[in-house]
Amino acid sequence: VSLGLTLDADDTQEVTHRLNAFLQALGPLMSLPLGDVEPSPFDPQPRT
Amino acid sequence: VTDVSLVFQSALAQGAMIRDRKTSPVELVTMYLARIERLDARLRAYVTVCGERALIAAKAAESRAAQRRTLGALDGVPFAVKDQFDTAGVRTTQGSNLFAARVPVETATAVARLEAAGAVLIGKLNMTEFAMGGTQDFPFGQPRNPWNLAHDPGGSSSGSGIATAAGLAAFTLGEDTGGSVRSPAGFCGVAGLRPTWGRVSRHGVFPLSWSMDAPGPLGRTVEDVAVVLGVVAGADTLDPLTSDAVVPNFQETLTAGLHGIRVGIIAELTAGPDTDLEVRTAIEHAAQILSTLGARIEPTSIPHVMMAGVVFMALADSDGAGLHLETLRTRGHEYDRGTRRRLLAAGLIPTALSQRAARMRALIRAEVKEALARVDVLLSPTSPAPAATIESMRLPIASGAAAAERFFTRRSYTTPASLAGVPAISIPCGFTATGLPIGLHLTGRAFDESTVLRVAHAYEQATDWHRRHPPDVA
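Each protein sequence line maps, in turn, to chains Y and C.
Just so it is clear: in the first sequence, position 29 is 29 by my numbering, and no numbers are missing.
To convert a position in the second sequence, counted from 1, into my numbering, add 48.
Certain hints may be false.
What the hints assert, rightly or not - Some but not every residue of chain Y turned toward chain C, in silico, with C-beta under 8 Å:
#1 Leu3
#2 Leu5
#3 Leu7
#4 Ala9
#5 Asp11
#6 His17
#7 Arg18
#8 Leu19
#9 Asn20
#10 Ala21
#11 Gln24
#12 Ala25
#13 Leu26
#14 Leu34
#15 Pro39
#16 Ser40
For the record, the hints were derived by calculation from the structure and aren't laboratory data.
No residue lacks a Cβ here, since even glycine has one placed at the ideal position from N, Cα and C.
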């Protein structure tokens, strides 16, 4: 249970595999030197 | 001109024929409706066909043509839009049972602009649920690739790719967050453009990820895509994040040629271990053609490009999980199981990793911008492999590694442009030995769709891939 969401038995296995995929693929980011990268999602828009 | 050759004409050619009184909007709409009736039970491109409404609009266009008072290049030309775009009085489902009976009272800005230009809306197109991809049981029928019905047409704008390729509309609109216009364009063998983020209004388009959602056109020619983009682009007071940058005449610069154009071929995506040999060969051959047309081809690297897929999914799926949270709590069982599981997994990603993904997004964007400072466009495959079979996409996910392979790798081919907010197009550049289309992907600088379209048009004019139509429906 997370955020008030319930996980029924049918969904549990696939949700677990999907979450593991995220954890394994994103894990290496923790050791990359990203501390100085501003997490801004986009550049300023050209405005007239 | 036979019925079949007429429906496969470009949208611009159809518009010219209407103005020259060689065909009529009513005739065109009637032909497309008949084809939808005959073919769509197999292809499932459409969720809703609005024939009666279309014939009324076509008669008005016909009257304008008779009085030589047409509204422009697209007046009277039949089009269809992904069911993610609101259309007043016409059911808009988002590809979901949750919205199966929803009829909006407003029309999305992009659709309204096309109708104001005289184009005739003939229907709403099938899509993966809430534009998320991975739908297992499509509530409005399984969309199928017109080149091989056993294969996936791409998504999430599945119906937009099918209808354009199979001659079920003159052109279509899709919405691209991580590749949802370019993937179906690539798999179905048509042109599909993701504009610069903020170039086209998102008003009336159901959101997935606010900082990446980008409505865009699909057409059978690059010129059609350029003209449709010119109609739908530009500032909109109803979407404050739409840029008010000047919208150039995209059609005017299409034929400027490639002399002096620098094309960077992305090494990691073209020659990397994840790319099929047939795909790699087609892309390298396309680079040779661009070279003979006057472009300078340069090897280019985007060092973290293969992280783009997972970074995109971590961010976009988290946005989606937040957006759907309340509905998931109360009506979770009404979602398709593929969508529900994707949203639930995203809701469990640790905050520390989401924050790192956001920083990695900025790094990938910087790498894309750096590459585009050295060249005018980036060239790569739209997908590492041609369209997979529908059966393979419905196999249960048995491990984390299987999930990563199915979801992350292929998305790394289209999501760099999404993460960077820059324009990108997919155009056909060949076929596999089994007859499935291969997509060529061109990425450009922010607000420089003109150069992307110019390179794509030059390639298209030098080849005949865009003139081929699916054999079972042509």
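Going through the numbered hints above, which ones does this structure break? Give me the numbers in ascending order. Per hint list: single violation, 4.
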